[in-house]
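Asker: Sequence:
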Amino acid sequence: RHSLTPSQLDLPDSASISSNGSIEVSSLLSHGRVPELLVSLTYKPKIAQFLVKIIKAENLFHPNMANLPDTYVKVTHKDRQGKLLDKNKTSLQKCKRDPQYNSTFAYDASSKDFLDSTFHFTVVQVKRVGKNKELLGGFSMGKQYSGDNEREHWSETIRSPNQPMVRWHSLVPRDEPGLQY
Numbered sequence: 004r005h006s007l008t009p010s011q012l013d014l015p016d017s018a019s020i021s022s023n024g025s026i027e028v029s030s031l032l033s034h035g036r037v038p039e040l041l042v043s044l045t046y047k048p049k050i051a052q053f054l055v056k057i058i059k060a061e062n063l064f065h066p067n068m069a070n071l072p073d074t075y076v077k078v079t080h081k082d083r084q085g086k087l088l089d090k091n092k093t094s095l096q097k098c099k100r101d102p103q104y105n106s107t108f109a110y111d112a113s114s115k116d117f118l119d120s121t122f123h124f125t126v127v128q129v130k131r132v133g134k135n136k137e138l139l140g141g142f143s144m145g146k147q148y149s150g151d152n153e154r155e156h157w158s159e160t161i162r163s164p165n166q167p168m169v170r171w172h173s174l175v176p177r178d179e180p181g182l183q184y
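If you read the sequence shown in this note's numbering, its first letter stands for residue 4, the second for the next number, and so on.
Just so you know, these hints were derived from the structure itself, not from any lab.
There could be a bad hint or two in this list.
[Claimed, not checked] What follows is a set of in silico ranges between Cβ atoms, one per label pair, in the way DEER data are often shown:
no. : residue 1 : residue 2 : range
1   : Val37     : Asp82     : 29 to 35 Å
2   : Asn135    : Ser163    : 39 to 45 Å
3   : Lys97     : Arg154    : 31 to 37 Å
4   : Arg154    : Ser113    : 19 to 25 Å
5   : Asn91     : Asn70     : 25 to 31 Å
6   : Arg154    : Cys98     : 31 to 37 Å
7   : Lys136    : Lys86     : 19 to 25 Å
By construction, the Cβ of each residue, glycine as well, lies at the ideal position given by its N, Cα and C atoms.
Construct the complete structure from the given sequences, taking the supplied hints into account.
Answerer: Given below as structure tokens:
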């Protein structure tokens, strides 16, 4: 079991994590050398708001890349039919293997169907030549999810209103069979 303080994760000052001020979750530790994204989710039902904080990424560089990547994270929110409700993206982080994004986005959670919606997270590399974009990977959580970790993060967030829930998520390649993000 590992403890990190909110300041080590750069969470909002208003975050109330636990009685001793620390977050205690083993999934906060990086799983290895695969590309990952650290995300904080906070569900605020009384004010009908859902906060998504893209904290940082790790291991975005791989041997096939000529240079460290220029990346941003795109977050899309879709309803249960797949209709786009909202989208946001972080600022571009240039030449970083382990970029710090520290971007927070607020989404409307007033719909009775909010819990049936899905959030898709995609890390995009912008190539310097021609400004082409390449999807490095991503994941989904909510009604549709790309894995057990994403399902658990979503469930934990919904079960713990007003508490920031922070987890690492491995980026799944876009060509993974049956994956949507």
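Asker: The structure should be examined with respect to each hint, and the outcome stated for every one.
Answerer: Here is how each hint holds up against the structure:
1. Range check, Val37 to Asp82: about 30 Å between beta-carbon atoms, so the 29 to 35 Å window is met.
2. Range check, Asn135 to Ser163: Cβ separation about 41 Å, and the 39 to 45 Å hint holds.
3. In this structure the supplied range 31 to 37 Å holds for Lys97 paired with Arg154, their Cβ-Cβ distance being about 33 Å.
4. As the Cβ distance of Arg154 to Ser113 is approximately 24 Å, the hint placing it in 19 to 25 Å holds.
5. Take Asn91 and Asn70: their Cβ atoms lie about 26 Å apart, and the range 25 to 31 Å holds.
6. A beta carbon spacing of about 34 Å between Arg154 and Cys98 agrees with the range 31 to 37 Å that was offered as a hint.
7. Between Lys136 and Lys86 the beta carbon distance is about 23 Å. The supplied range of 19 to 25 Å therefore holds.
This entry satisfies every hint, going by the numbered hints stated previously.
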